[in-house]
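Student: The residues making up each chain are set out below.
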Amino acid sequence: MTGAAPLKAQVLFAAHRDGVFRYLCRIVGPTEATDLTQEVFLRVARSAVPDATSDGERAWVFRIARNLALNYRRDTSRRPETVPLTDASRPAAQESAAAMREALDRLSPLDRDVFLLREVAGLSYDEIAGSCEISHAAVRTRLHRARQQLRAELRPHMNDGTGSVVRLYDTR
Amino acid sequence: MNQGEAAPPLWQVDALLDGEPVDRRALRSALDDAAARDYLVDALLLRRMSRDMGPMRFSIPGTPRAAIVRRLRWAAAGLIVAVSAGAGYAYGKGSRVEASPGYFEVVLDNRPAPPAPEPTRTIRFEPGVNWTAGDRSR
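Protein chains in written order, with this note's numbering: chain Y, 1 to 172; chain R, 1001 to 1138.
If you're looking for bench data, these hints aren't it; they were derived computationally from the structure.
Warning: the hint list may mix true and false statements.
Here are some chain Y residues pointing at chain R (derived, C-beta under 10 Å) [unchecked claim]:
(1) Thr37
(2) Asn67
(3) Leu104
So the derived list for chain Y, only partly shown, Cβ under 10 Å to chain R, looks like this [unchecked claim]:
(4) Leu42
(5) Arg43
(6) Glu119
(7) Tyr169
We put the CB at the ideal spot given by N, CA and C, even for glycine.
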C-alpha cells in the first residue's frame, strides 16, 4: 500500500459511509450493517484504491460492500432463524417497513441489490453496473423488474394513505 | 404487463426517476399514458418506503462524544497516578536511608553528670518555727 492509500481511504469513508451503511442496513439490519460498514472501509484501507474516476471508485467501494453482504447472508442462512414471540400490533410505519423488507427478500438477490443501490445508496446506472458487474442495459431491466414486483406486492401498503407525500429528489 | 419484460414507455419514466438521460418526446408520450403516471407515483412511493425502512446515516453506537470524553478523563487520571507513583519512587530511591545492620551496640557513658542548678530561693528549716502561722515566706 502506498502512503497516500490511507488518506484516500479516509476520503472514501467520508464520502460513502452513509450510502454504504444505508445499503447494508436494508439487507442485514442496522446492527450488522454498522459492523459490515466498518469492515468495508477496513478492506478499502488495506487495498490499493484503483485509479478511476470518482464514479469508478464509488462502484468499487459498493462492490466490496455487496460482496460482504452476500457473504453475510450466505453465512447467516445456515443458522436457525429467530422469530419474535410478541404478537403486538405494530404502527403503520413499522408495518410498511416490515412489508418492504419481506418484499425485498422475495426479489432475486441481484434485483434486490440493483434496486437498493439505486434507491437508498443513490448510485447511477453505470455505478450499479460496475458494482454488480453487469451491463448498463441489465441494470435498467433489473431495476424496472424489481420496481414492478415490489409495486405489485406492496400495493395494499401503498394505498393505505400513510405515504401520501412523495418527492422526486430526496436530499437526505 | 409481464414482469420479466419492461415496457419501453416505462423505461423513460425509470430514466426520469433515476436522473438518467431521457428523450423528451418519448417522455412526453409516455406520460400521456395514465398507467405510466401511476407507475411514476408508485415508484416514488417505493423510493420513500425503502428509505423509511431504516436509518439513513452511519454512526457507531456506544461511542458518543460523552463516552469518549469520559474515557479521556480516565486515561488522564491514570497518567497522573502513574507519573506520581514514578516520581515518588525516584525520589525515595535517591534519598534512601542506609539500612541498619541488624544488631544493637550498648555504649556506657562514664562522664560525670552535670551539676544541679543553684536554687533561686533558699528555705531554711529551723527547729521550733511554727510554719502554719504568720508569714510563711520566712
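Student: Indicate, hint by hint, whether the structure satisfies it.
Tutor: Against the structure, the hints:
| no. | hint | in the structure |
| --- | --- | --- |
| 1 | Thr37 | 6 Å, holds |
| 2 | Asn67 | 19 Å, violated |
| 3 | Leu104 | 8 Å, holds |
| 4 | Leu42 | 13 Å, violated |
| 5 | Arg43 | 16 Å, violated |
| 6 | Glu119 | 5 Å, holds |
| 7 | Tyr169 | 9 Å, holds |
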